[in-house]
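Trainee: Make the full structure from the sequences, and use the hints.
As given, the protein sequences belong to chains C and V, one line each in that order.
Mapped onto this note's numbering, the consecutive letters of the first sequence carry residue numbers 1 to 409.
Mapped onto this note's numbering, the consecutive letters of the second sequence carry residue numbers 1 to 371.
Note that these hints are calculated values from the structure, not bench results.
Glycine included, each C-beta is placed from N, C-alpha and C at the ideal position.
There may be inaccurate statements among the hints.
Claimed, not checked - Below are the BS3-like pairs computed for lysine-lysine, each with C-alpha atoms no more than 25 Å apart in a straight line: (1) C:189 - C:127; (2) V:46 - V:18; (3) V:46 - V:22; (4) C:303 - V:10; (5) C:53 - C:116; (6) V:145 - C:300; (7) V:252 - V:223; (8) C:53 - C:189; (9) V:22 - C:397; (10) V:10 - C:4; (11) C:54 - C:27; (12) C:351 - C:27.
Said to hold, decoys possible - Chain C residues, not near chain V, derived (Cβ > 10 Å throughout): (13) 64; (14) 83; (15) 211; (16) 301; (17) 387.
Unchecked claim - Stretches of chain C that chain V covers, calculated by requiring three or more beta carbons in the stretch to come under 8 Å of a beta carbon on chain V: (18) 289-300; (19) 307-315.
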Amino acid sequence: MDFKDTPEEAKFRAKCRAWLEENAELKSAETNSTEKMNVGNESVLEKARVWQKKKYDAGWAMLHWPEEFGGIGASPIERIIWSEEESKFDVPRGIYEIGLGMAGPVLMEYATDEQKARYLPPMAEGKEIWCQLFSEPSAGSDVAGLRSKAVQDGDKWIVNGQKVWTSGAQFSDYGILVVRHDPSAAKHKGLTFFFVDMKSKGIEVKPIQQITGGSSFNEVYFNDVEIPDSHRLGEIGDGWKVAITTLMNERLAVGDANGVDAREAFELAKQQDDRGAPMIENQAVRESIADWYCEANGLKNTKLRTMSALSRGDTPGPEASITKVVSANKLQAIGNFGMDAADMAGMLMEKDQKTFEFQQAWMGAAGLRIAGGTDEILKNIIAERVLGLPQEARADKGLAFKDIPTGKN
Amino acid sequence: MNLDFSNDQKLLQDEASKFLIKEEALKASRAVMETKSNYDPELWQKIVQLGWTGIRIPEEFGGLGLGHLELCVIAEELGRQLAPVPFSSSVYLFTEALLEFASEEQKTQILPQLVSGEVVGTFAMAETAAAPTEQNLVVNYADGKLSGKKIAVPDAEVASHAIVVAKENNHATMCLVNLKDASVTVEKQNNIDESRGYFSIEFKNTPAEIIGDSGSGWLHAEKILNHAATLFAFEQIGGAQETLDMANAYAKERYAFGRPIGSFQAIKHKLADMYIALTLAKSNSYYAAWALSTDAAELPAAAATARVSATKAFQLCAQENIQTHGGNGFTWEYDCHLFYKRSKLLSLNLGSLASWKEKLIQSLEQANTQS
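Mentor: In structure tokens form, the structure reads like this:
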């Protein structure tokens, strides 16, 4: 056991590091805490574009992609090394994640060579932003229950319906989209997958205000939107198969929660007064921090195990599937603690208080426990895919989609 | 980056697993629980013959001269099969203490006999129903003699020797004692897991020799407990894995309301929670194994982190395994209770969960930690 890079990995890391040092500034304490809070803000968007383009020109934007699309054919461990190094620098991240992480692989697998040549390089370059149009008001965890309708009309399709929770739709150029082409087929069989120009006539994007007050995602309405059949990805009726690859990607790979962790709780408790003594001397606080520390390090060491497998060229085990459910719940608990630590003043929200980042964590964690797969869905996935337990009995099994019972919405 | 065991170590683990299954270690554990015996002598003999008691003992003393990582993979399998042998007392505690602190003379005298099985060792710390501290020790060492009573000492009947943490003047000193001396009285104490034997030991002017430095016994003992916590964490994740596997198998074959109970989300989420706890514990145990095998400065925090997560994981998995089995899980006939009892025993044998959380926070305060 050791934590060293292999000679090749060390060489690669040095290469990443050298380029980053030439092109970006190392993070400072202040940049750490404000990161990610301003996604969607115009100046952040522009900064992200510039950074993405810089990376693209040097081959770092999608380094695991083949050279013809702007990558350098990097291995999985090289991707991680790049990402570790990049995260040490004060650069905008997060805006291109959905497009690059979800639309990218689908296009790579299902698009024609011509389409790949047309769409992948600008996606990597950051010239064109992509979003993901899957969830609907009546289809969240049960996303295959979606109702947006596509009707074929010669060599095009007419789409009507509504999507929701679409991050970045307000500034996206294209979207990947799953719709129902056949309501008389069974739920999973009647779906077809497309990509769509977000500037198409009939698409309307309305921001959703979140409990944090910010708006990073949207409702997207489709009113007689025309999509050429050539923008279909996969066969008619294969929509679920195409979607599930990206969903599994999203549900299992959504990483560690950003924000305050055991370390910040510990630092806060050392500084915080608790009836005349530092709060870290309170036994209940000590035990809670110990628990969070064990979880935080459990996740960190789990990631190191995954990296070890990748470094050997093996497929990692399923252990990374625990990451989001553990980190989102931990974030919520630590956010809660940080506010309680200030006693009555924990209610007050002022940006210059140390409580502020705990309040942000507490607010954000409530969403994080839902986004990209709820706690419950993630536990189902662990139970079914990792432990091999049978699926839940379903009330919609074998029924045509149109005959499936529905609630009010 | 390599936070994993080597192929050779995995092979050793596989062999250990096959051996313990062939020897029906779990059945032996039940047999020990149901009779008056305190361990399984035949299984123990075979383990000695395999050389496991000398894994860490250098070749010059007749051992295999291997490292802590080899010991970790064997510990995981012993924990998985609940092997009823004095291995942990003699190897994780007694042998580790000798390797770490004994003089060359003491090593030359005892280590070869640990390899051959002529010496079996144990470790005596607790005295009352409260966490031991350097201040509350009463068992006393003075002028080569030991007096007083220790409780909750594992395997003291089969053990020929013990390392005893005793008071010397106002500090602690670690002493080596021959338990077969006429001045020593060993008495069985009933415990929650009767597949393991626990005893009180009374010393009356018993001849004893100092291990390590006089007056540094508390620091020495803390170090040995960190070694043992890491090794026991592997027993705990072995036990947690086994109970998760048992619950998983049962959830697939047991039907209720016309379908396997494993198809209900209430059971799925329970098992997912077990898997999550186990995965965190396993990853932390791997990190502690690295810290132990390299004698890293991070060991105190790493060992406490592994101990806390592994204790929580094994207790959760063992208790929820019974719950998944329903009424059957509460019967003597099913094996669930063997693991439930062992999980609690292992949660206390080196001090309670709360004590280890406290040690973890103290080590964070001293800052030798994984960043």
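Trainee: Run every hint past the structure and note whether it holds.
Mentor: Do the hints match the structure? See the list:
Taking the CA atoms of residue 189 of chain C and residue 127 of chain C, the gap is near 35 Å; set against the 25 Å cutoff, the hint is violated. Under the criterion of a C-alpha separation no larger than 25 Å, the hint pairing residue 46 of chain V with residue 18 of chain V is consistent with the structure, at around 13 Å. For a cut-off of 25 Å, the pair hint linking residue 46 of chain V to residue 22 of chain V stands: about 12 Å separates their Cα positions. The hinted pair formed by residue 303 of chain C and residue 10 of chain V meets the criterion: a straight-line CA distance of about 20 Å does not exceed 25 Å.
The hinted pair formed by residue 53 of chain C and residue 116 of chain C meets the criterion: a straight-line CA distance of about 18 Å does not exceed 25 Å. A C-alpha spacing of about 48 Å is found between residue 145 of chain V and residue 300 of chain C, which places the hinted pair above 25 Å, so the restraint is violated. Proposed proximity of residue 252 of chain V and residue 223 of chain V is contradicted: the alpha carbons are some 44 Å apart, above 25 Å. Of the pairs offered as hints, the one joining residue 53 of chain C and residue 189 of chain C is violated, with about 40 Å between alpha carbons and a cut-off of 25 Å exceeded.
Pair hint residue 22 of chain V plus residue 397 of chain C does not hold up; C-alpha atoms about 45 Å apart against a cutoff of 25 Å. Pair hint residue 10 of chain V plus residue 4 of chain C holds up; C-alpha atoms about 21 Å apart against a cutoff of 25 Å. For the suggested pair residue 54 of chain C and residue 27 of chain C, the alpha carbons sit about 18 Å apart, so the restraint of at most 25 Å is met. The suggested pairing of residue 351 of chain C with residue 27 of chain C holds, with an alpha-carbon distance near 20 Å, which does not exceed 25 Å.
Every Cβ of chain V is farther than 10 Å from the Cβ of residue 64 of chain C; the closest lies at roughly 18 Å, confirming the non-interface assignment. At roughly 14 Å from the closest C-beta of chain V, the C-beta of residue 83 of chain C stays outside 10 Å, upholding its exclusion from the interface. Residue placement check: residue 211 of chain C keeps its beta carbon more than 10 Å from all beta carbons of chain V (closest about 25 Å). Against chain V, the non-interface label of residue 301 of chain C is violated: not every CB pair exceeds 10 Å, the least being about 4 Å.
The claim that residue 387 of chain C lies off the interface is violated: its Cβ sits roughly 5 Å from the closest Cβ of chain V, which falls inside the 10 Å cut-off. Chain V is given as covering the stretch 289-300 of chain C, and this holds because 10 residues of the stretch bring a CB closer than 8 Å to a CB of that chain, at least three being needed. Closer than 8 Å: that is the beta-carbon criterion, and the stretch 307-315 of chain C has 5 residues meeting it against chain V, so the requirement of 3 holds.
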